[in-house]
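*Asks:* As a plain string of letters, each chain reads:
There are 4 protein chains.
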Amino acid sequence: MAKVINVGLLGSQFISEIHAESFASVADAEVMAVASPSPGHAASFAERHGIPHAFTDYHKLLEMDEIDVVTVGIPNHLHCQAVCDIAAAGKHVVCEKPLCMSLAEADRMIEACRKADVKFMYAEELCFTPKYVRLKQLLDEGALGKPHLLKQCEKHDGPHAPHFWDVDRSGGGVAMDMGCHAIEFFRWILGRPKIKSVYAQMGTHVHADKTRGDDDSIIILEFEGGCIGVAEESWCKLGGMDDRAEVHGSEGVAYADLLHGNAIETYSRGGYGYAVEKAGDTKGWTFAIYEEAWNYGFPQEMAHFIECVRDDKQPEVTGEDGRATLEAIFAAYESAGTGRKVELPFETDAKRPIDLWLRE
Amino acid sequence: MAKVINVGLLGSQFISEIHAESFASVADAEVMAVASPSPGHAASFAERHGIPHAFTDYHKLLEMDEIDVVTVGIPNHLHCQAVCDIAAAGKHVVCEKPLCMSLAEADRMIEACRKADVKFMYAEELCFTPKYVRLKQLLDEGALGKPHLLKQCEKHDGPHAPHFWDVDRSGGGVAMDMGCHAIEFFRWILGRPKIKSVYAQMGTHVHADKTRGDDDSIIILEFEGGCIGVAEESWCKLGGMDDRAEVHGSEGVAYADLLHGNAIETYSRGGYGYAVEKAGDTKGWTFAIYEEAWNYGFPQEMAHFIECVRDDKQPEVTGEDGRATLEAIFAAYESAGTGRKVELPFETDAKRPIDLWLRE
Amino acid sequence: MAKVINVGLLGSQFISEIHAESFASVADAEVMAVASPSPGHAASFAERHGIPHAFTDYHKLLEMDEIDVVTVGIPNHLHCQAVCDIAAAGKHVVCEKPLCMSLAEADRMIEACRKADVKFMYAEELCFTPKYVRLKQLLDEGALGKPHLLKQCEKHDGPHAPHFWDVDRSGGGVAMDMGCHAIEFFRWILGRPKIKSVYAQMGTHVHADKTRGDDDSIIILEFEGGCIGVAEESWCKLGGMDDRAEVHGSEGVAYADLLHGNAIETYSRGGYGYAVEKAGDTKGWTFAIYEEAWNYGFPQEMAHFIECVRDDKQPEVTGEDGRATLEAIFAAYESAGTGRKVELPFETDAKRPIDLWLRE
Amino acid sequence: MAKVINVGLLGSQFISEIHAESFASVADAEVMAVASPSPGHAASFAERHGIPHAFTDYHKLLEMDEIDVVTVGIPNHLHCQAVCDIAAAGKHVVCEKPLCMSLAEADRMIEACRKADVKFMYAEELCFTPKYVRLKQLLDEGALGKPHLLKQCEKHDGPHAPHFWDVDRSGGGVAMDMGCHAIEFFRWILGRPKIKSVYAQMGTHVHADKTRGDDDSIIILEFEGGCIGVAEESWCKLGGMDDRAEVHGSEGVAYADLLHGNAIETYSRGGYGYAVEKAGDTKGWTFAIYEEAWNYGFPQEMAHFIECVRDDKQPEVTGEDGRATLEAIFAAYESAGTGRKVELPFETDAKRPIDLWLRE
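Residue numbers (this note's numbering), protein chains in the order written: chain A, 158 to 517; chain B, 158 to 517; chain C, 158 to 517; chain D, 158 to 517.
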């Protein structure tokens, strides 16, 4: 029987719920502790998920010898310090997207993990999403010929937590929050070629009362080899979550819709409990999703990392990938701020991506 | 760590492949042996799946003390004897659909398992299919009101193995091969009310050169409480497998399509490896399925049975359920043979369902 | 320039609105008069559509020499007398579905038109519905091989006018009101083979407080040559009108959905004016239909009849077709009443189809 | 009875076929003549459509007194002279898209029609496409709130005629050939606000062996009031024509697919005659379109112009609209050439849009 890998979670909100659920279906992993600074949050989270230890100070969690892996599911501006602390404690790291606030922070995190010789996974779940994994296989087996256009979008009606509206804490709007998915998705599905340039169109169309960040963005990337990636991100889309990808090639084309197809078309006069993320009301027509975490690949992602730790393998998505994505996000905000296509590599000492667009 | 449950497989064809794959993802189960009478089949199957023991005579497999559970994935006319033998060996049984050839056989199998005090699961995977599980939840939570019409269909271009064409071995055509899915699906989703009557329309439209069995059937069931079930089964449907269900209720309606939505819409000029069961050519437009076993609920089904064995619980679908389904299948063939709605309970000493339709 | 054909309308409700709209797009037809017994109805209808003459007594309309064609859009139990009167006045007739209340009435109407030598079109618009016309072409050009299974359904949440609930005036429930569409559709698409048998399952599931008629019905027809037709009709389907057809053949299969595809997928937080027939609320997700009359083929149907009158041709759908459909409806109610497949030709002196099911 | 308007056609290829068919369904229009320089083309076209007069020299057509309206369906680089000649002959003009080769040409054409006091319609059929007309109504009636993002795409596997590959005759690639549809569509649906800026990404991905023009383009437009338009155009998309639009607003979202929904989902083992534009093979799955011209709005467009001529009204889409679209196309090529967002108004004396991208 394989050794069980023990896990600690930093954070107790939306994404940490998904982490806890995901590890629950990984046979040889066990969540041993959770940490969250808000009084009571960690304790109630631990109780809900049957986790033995709960802390308000994550350093206590890092002191637990039996913990092998720590996941980072806290606000963006706290990622860098947390990852460095985890590495220093000699534990393997899973860090949520986007990686951090600045390229300097990214370098620091990568270096900390390298020096401590711990594994560092950048948690881009789209690289594990079953439908997208199949899409990559179609491309890889030549069903579509040489790709020239990729599209991926993620759209819903607003972020999970209010701190996303505050660009001081989030570093950017929807292009940062969800554009990072598309960028890493494009890199991964193409086998990680270099990004040659980035252009972005951004606006604050619907939520200007709540944020200075962009709430609807289009990002165009040119990759080495000539393929184009178009990312569409929105916090202005009503009627339920949307997550779709397209691959257009010289010999074919493929369309993958993560949610609408994988759902039950439902009409309910009176409404019901839960249809899908951001569905709004469930009266009338809805599309009822099922096995949501599996559908996105979260448990598969965590199982992958557990396997990497156990068998000493490199994760599919690394801190370097997170950094490359972040670099493209900085370039996107620079482009939205200047109206120009921005060539990569792009260096900047900006503290947050959004500063390059707001330019106050 | 939970005790590992050891499994033996009878059969080495299509469905046993699925059994092996499914147990591979069940953490606390391990397939220890496989048996198949055709020389070499079991051995190559065992090698392909990393199974330690292979036999041509399944009695050898039953002699292995360490085996806890045995699955039956062999032709219909061999089910009864195999299940009785397994029970006599004191092992828990998973028996594939349809349960067996006659109601007398069903009674014998149920009694054998009862007497040996072993668990007996009738392997109707639709009760574990994630999309249909969600559909049942929608119904159960009241989203659709009181149901008055259920539909379920399974359609493709012909059975997996040639022995299905031979009614002496299969006992019936498509109404028996796939109608059993719909019947148990209806019973399960409604909470297993009694079936009041069955009417069936059957024909041999396209494959009369290969079989005397029905290749396209429509079965209408009336349930206690007034709900109607309409099952459509076909071996004449080109263009890839079709498996869909609908629930129509007083307060809403829901449509669940197992394959088309859960797939990547793909156009490939040159074609590619595999799209979906019975897809035919993969040139042009296809719908590329992914995680096929999971999509149908096979691993979930096997995990459920392992849990039942380990924790001494009653399986979700029992031999009695298999018998009730078979009774409705007999009634369906009787109806197709007489042009009348057949009331249940229906008793018959027919040896095979199809005899009631062919009436030679 | 072609001679203009002058039209009179009997009736001022739902279907007569469609008649008026449809003739408006037929270049060489002009609606000259409308008759409705309810005081004020004809006058306001005439004003709304710019029709010069309005009557409460339709005999006055029939006295107008300049009128060439009269359409019958009044309750079912008044069809027979109206058609006989129109024929006696020497005018061509378009009679709405279902043809009339009994087979004896049908014979009387057909004979009256034959004797008066006027054209008699049975207004089954599905024979002119553009998508279904294309579907017939696919079948006729061999794209699908030999057909073995046809399906057509029409489902919504209840009839347009309260008199449909009263079986004394309507003669039957949803199997009569909408089953007639499917039956004539099957006959037409197959080239009008004889119907060999009819089986029907009927129930009053949701509207028992309002009617003794069936509100959900399934009708299975066997045609000469072996093809099966399955008609599904419902007055219990929420969430908007549904009208679909399928043709399953030895060489292919085709699916035609009249409404969902031909619509704009729309999410509106606040709702809007009109989405589609029986949509219910327009808040949330709806499918917004457009050019509704054209989509169903109503203007095409009327243009066809005008052409028949002008060029002295036989209509595509005749009184005899209406009678054949009605015969199948009678057989369907007989089947639902007896639980038996009913062979055709079926003779009955029942006054209304539903009497054969209710059998009080 | 209304006066009949007599029509002459310049051109005898793809689009002129559509013009002839479209006028055939306009009650008060009659095509009297066709002109095409290729020997025999006009004559055989005339015979096919029952047109009384055929010319190789279009000046002969313009000399016919009885002709009221002339349509221009010839290669782009001949539009300007033809329109000026038609206007000089005192006839009303319908000019196909794109309007012409340069902004100077556009000015000349508009001025010629103004001076001759003839009506000038820029033939953007999307403004008459029934599904898009309904989409505009949804937006106008407030169903979607304030729009912030519009999308429209047109994609297939290459142009109708080889002269499109030759940028000397076409003036540009797919951004010019089909981008003009999207640009005018956006202007029209928004009520024709000013375009503030244009950004474009262009490439020659698949057809570099045949053309120097762009075969896959993405154009982003900013409109006064803040709405963004994203046009996607491709000559690299296999598997049949694609034409879709989306409107994203503060209160809702709507998706309109011109082809896939308005089609019959068809699987044919042996294939059949015609499925849809650029479908490739019809074996396997296809989507069979029907009433194609109507679906795109061509007859409606021509009926509209006939009505404008007869009733002396301004066309819905004018030469000025064609010019505004062309200005945006020039800006798009300038943007693709410079990697910058281009502000409008944009003045250029470039002879052809593509020169601003190729910059040789």
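If you are wondering where the hints come from, they were derived from the structure by calculation, not from laboratory data.
There could be a bad hint or two in this list.
Since the list can't tell identical chains apart, any single copy or any two copies may satisfy a pair.
DSS-like, lysine-lysine: derived pairs with alpha carbons at most 27 Å apart [to be verified]:
hint	residue 1	residue 2
1	LYS470	LYS293
2	LYS272	LYS367
3	LYS308	LYS160
4	LYS217	LYS293
5	LYS160	LYS293
6	LYS435	LYS353
7	LYS470	LYS303
8	LYS272	LYS217
9	LYS272	LYS293
10	LYS308	LYS470
11	LYS308	LYS293
12	LYS272	LYS353
13	LYS353	LYS308
14	LYS367	LYS303
15	LYS308	LYS440
16	LYS217	LYS367
17	LYS293	LYS303
18	LYS160	LYS303
19	LYS353	LYS440
20	LYS508	LYS470
21	LYS435	LYS308
22	LYS367	LYS293
23	LYS435	LYS351
24	LYS353	LYS293
25	LYS440	LYS470
26	LYS217	LYS303
*Asks:* For the identical chains here, do LYS160 and LYS303 meet the 27 Å Cα criterion within one copy, between copies, both, or neither?
*Replies:* neither (43 Å within a copy, 50 Å between copies)
*Asks:* Could you figure out if LYS217 and LYS293 sit no more than 27 Å apart (CA to CA) within one copy, between two copies, both or neither?
*Replies:* neither (41 Å within a copy, 44 Å between copies)
*Asks:* When Cα atoms must be at most 27 Å apart, do LYS353 and LYS308 count as within-copy, between-copy, both, or neither?
*Replies:* Both: 17 Å inside a chain and 25 Å across chains, each within 27 Å.
*Asks:* Regarding LYS470 and LYS293, is the shortest C-alpha distance of 27 Å or less found within a copy, between copies, in both, or in neither?
*Replies:* within (21 Å within a copy, 41 Å between copies)
*Asks:* If the cutoff is 27 Å on CA atoms, where do LYS367 and LYS293 land: within, between, both or neither? Let me know, please.
*Replies:* Classified as neither; 38 Å inside a copy, 30 Å across copies.
*Asks:* First find the shortest C-alpha distance between LYS272 and LYS293 inside one copy, then the shortest across copies, and answer within, between, both or neither for a cut-off of 27 Å.
*Replies:* Cα proximity of LYS272 and LYS293: none, with 33 Å in one copy and 52 Å across.
*Asks:* How would you classify LYS440 and LYS470 at a CA-CA limit of 27 Å: within, between, both, or neither?
*Replies:* Close neither inside one copy (48 Å) nor across copies (38 Å); limit 27 Å.
*Asks:* Using 27 Å as the alpha-carbon threshold, which applies to LYS308 and LYS293: within, between, both, or neither?
*Replies:* For LYS308 and LYS293, the Cα distance is within 27 Å both inside one copy (13 Å) and across copies (26 Å).
*Asks:* With 27 Å as the alpha-carbon cut-off, assign the pair LYS353 and LYS440 to within, between, both or neither.
*Replies:* neither (46 Å within a copy, 34 Å between copies)
*Asks:* Checking an output row: LYS217 and LYS367, CA cutoff 27 Å. Within, between, both or neither?
*Replies:* neither (36 Å within a copy, 67 Å between copies)
*Asks:* Have a look at LYS308 and LYS470 and pick one of within, between, both or neither, based on CA distance no larger than 27 Å.
*Replies:* neither (30 Å within a copy, 43 Å between copies)
*Asks:* Regarding LYS308 and LYS440, is the shortest C-alpha distance of 27 Å or less found within a copy, between copies, in both, or in neither?
*Replies:* For LYS308 and LYS440, the Cα distance is within 27 Å only across copies (23 Å; inside one copy 31 Å).
In terms of the numbered hints stated before, the structure departs from hints 2, 3, 4, 5, 6, 7, 9, 10, 12, 16, 18, 19, 20, 22, 23, 25 and 26, listed from lowest to highest.
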